[in-house]
Amino acid sequence: MSGVAAVAVRGLVKRFGALEVLRRVSLAAEEGEVIGILGASGSGKSTLLRCINGLDHADEGEVIVGGETIAMRPCRGGGRVPAERRQLDRIRASLGFVFQGFNLWSHRTVLENVIEAPIHVQHRPRAEVVAEAEALLEKVGIAEKRNHYPAHLSGGQQQRAAIARALAMRPRVLLFDEPTSALDPELVGEVLRVIRSLAEEGRTMLLVTHEMGFAREVSDRIVFLHQGRIECEGAPQALFADPPSERFRAFIARWREERRLRGEL
Amino acid sequence: MGFLGETFLAILPGVPTTLVLMALSVAAGFVLAVLFALARLSGLPVIAPAVRLYVFVFRGTPLAIQMFLIYFGLAQFPEVRASALWPYLREPFWCAVLALTLNTAAYGSEIVRGGILSVPRGEVEAARAAGMSGGLLLRRIVGPIALRNALPAYGNELILMVKATSLASMVTLLEVTGLAARIISTTYRVFETFAVAAVIYLAINGALAWLVARAERRLSPERSGAARTGPDLGLAR
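For the record, the sequence lines run as chains H and P.
Numbering-wise (our numbering), the first sequence opens with residue 1 and increments by one.
Numbering-wise (our numbering), the second sequence opens with residue 1 and increments by one.
Errors might be hidden in some of the hints.
Unchecked claim - Footprint (simulated), chain P over chain H, 3 or more residues, beta carbon under 8 Å:
#1 81 to 90
#2 102 to 114
#3 117 to 126
#4 138 to 149
Stated by the list, open to error - Quick partial rundown of chain H residues pointing at chain P, CB under 8 Å, derived from the structure:
#5 Asn53
#6 Leu55
#7 Ala93
#8 Phe99
#9 His152
#10 Met169
Hints listed in this document are in silico derivations from the structure and should not be mistaken for laboratory results.
We put the beta carbon where it would ideally sit given N, CA and C, even for glycine.
Just chain P, with the same shape it has in the complex:
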């Protein structure tokens, strides 16, 4: 096996770390994004402006610095070291997850907010006129329509998140980029090694883009051109 093959096999163990970093932060980040978007749209005093400030701060500062602040910075406070969260905050893995989560929650909340704002007013009125409100209205009408409108932008965010996990290597984590850097420190073959890492990211994002496109077709079947009709509910004569 040549150098490229060996490098590929050596970096492969980093893939699960990359994927788990991404999956955890995207899952938690999405939940936060929805809550933040709803909080902001609620227009409630204190809460809505607080979310605005949060988005401003996390969108306006580099993710690398957020990660450094959480991993290297927080440890300098005795209160943090004494807190119940310390077992997590001293682990580079959880610090990276936290930084990625808070970051994608900020971007995601704006995407979700845009999706909710794009729901046609008339369709919401029709739901209200049919007696829907609150959670039912959100779950059956506003949520699904907002989701399918937001999906293209959210797919973009997911791909950015896969790439953002590479920053976790800067807080000592051995994911794909971290392993590549370690290999380079012993082999000095910078170009080949990073090229292999790049191909791995490309493959992950290729799969992700395919999944997002599939979800888009499922959520918006009438826009894909081919399918003009939806599922037959089976009770037609």
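Just chain H, same shape as in the assembly:
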């Protein structure tokens, strides 16, 4: 399957009413590639991620996962919806999604959260799934919290549990939607450490984040979105050293200024 992108979008357009949030975005992630997606709030980066796994439906363009295009059909009142529920469910199961707000299922313990979809969506044997889940919880460092309910965990622990939940599906691609934006500053590090270790394992990842320094370190490629378009992209070192776009230059200048104000440099 070499040459087939793990996940790709072509000419993606998404409108919310009169507002065009995505304007013909095309992007492809090779197997094992880590793409950091940056941009100001409202630039469309979260919407891009949500369109990839069908939480939002693009009005135009294609989403292609492992060579398979998600079938869409027009719906009444404009816009499009997935044409085949089953195809979408199957493709979604191969895309691990990590939310800004964690979104663990509140009525299930940490371990139950992790084993839920592998057992009930993928129909894998329970014993195997539980063993794997235990190992994943160990890996993200919250094995001792396995029987706790999400309400009793810190934000950082919840997010690490959510990452374990995504990994339990053995996903082809991991999609991170601002995974540390809802965390208290002192909890950001523990989540970033987990994400970094996943990047180092060679997993395919799309990482939407405001953590620019982190994105620069872990990404193979940085994509900068501005008003729904890819303004510029490239290898992080080159892009940060010599921004090809005035807007990106201004964007990182603002970030550096903020860091200076917070005394981090």
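Let chain H serve as the given structure and place chain P on it in line with the hints.
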């Protein structure tokens, strides 16, 4: 044995009728309530507005009148007397069950709808992102979360239903209240007799409230304070 003891023993045979009235109508009413809530949330043309109208009518009219309409009223139509349902509709028991069911279905559908609406959007998105949809999503995520959010309100409805069964005495049924009224017609000891009946309802509802509280603790163990952890799934090293 004193009068109170004798009255208690005389009313006791009405308890099974009260309980069966309640159990049948609550069981059927709950199924209808879930269907109605889903129909209303579906937003489908015709169906959703029809459910709204149904809830408006059954919530907005007295249960006693609904029972009278079904038991005394329907019999005046020859079509009803000729229908296959007549063997049921001429029985006060089934008329009471029907009225109670339709009534609790109306209230219950609003409670269930509120429960479903209270399910955090993000948790549903997480389920969808994991490949769940349709019945699986409803059974594993939306249903259980909605149920535990709706349970306190639904427990209230169950208690109201126990008390509502007393109206069945008005369509000649000899449940707890009906038996009490019959005893009064021969003994004229109104206060003692109804007081005994009241104590019986209180005992039933006490047991019911205990069961609901138990179910609440089971469904929401993390909210009860004591248990911070759930069941150990047994495969931990």
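For each hint, the structure was consulted:
1. 81 to 90: holds (count 4)
2. 102 to 114: Holds, because 10 residues of the stretch 102 to 114 of chain H bring their Cβ atoms closer than 8 Å to Cβ atoms of chain P.
3. 117 to 126: holds (count 4)
4. 138 to 149: It holds, with 4 qualifying residues against the three required.
5. Asn53: Holds, about 6 Å.
6. Leu55: 6 Å, holds
7. Ala93: Holds: closest Cβ of chain P sits about 3 Å from alanine 93(H), inside 8 Å.
8. Phe99: 6 Å, holds
9. His152: 5 Å, holds
10. Met169: 6 Å, holds
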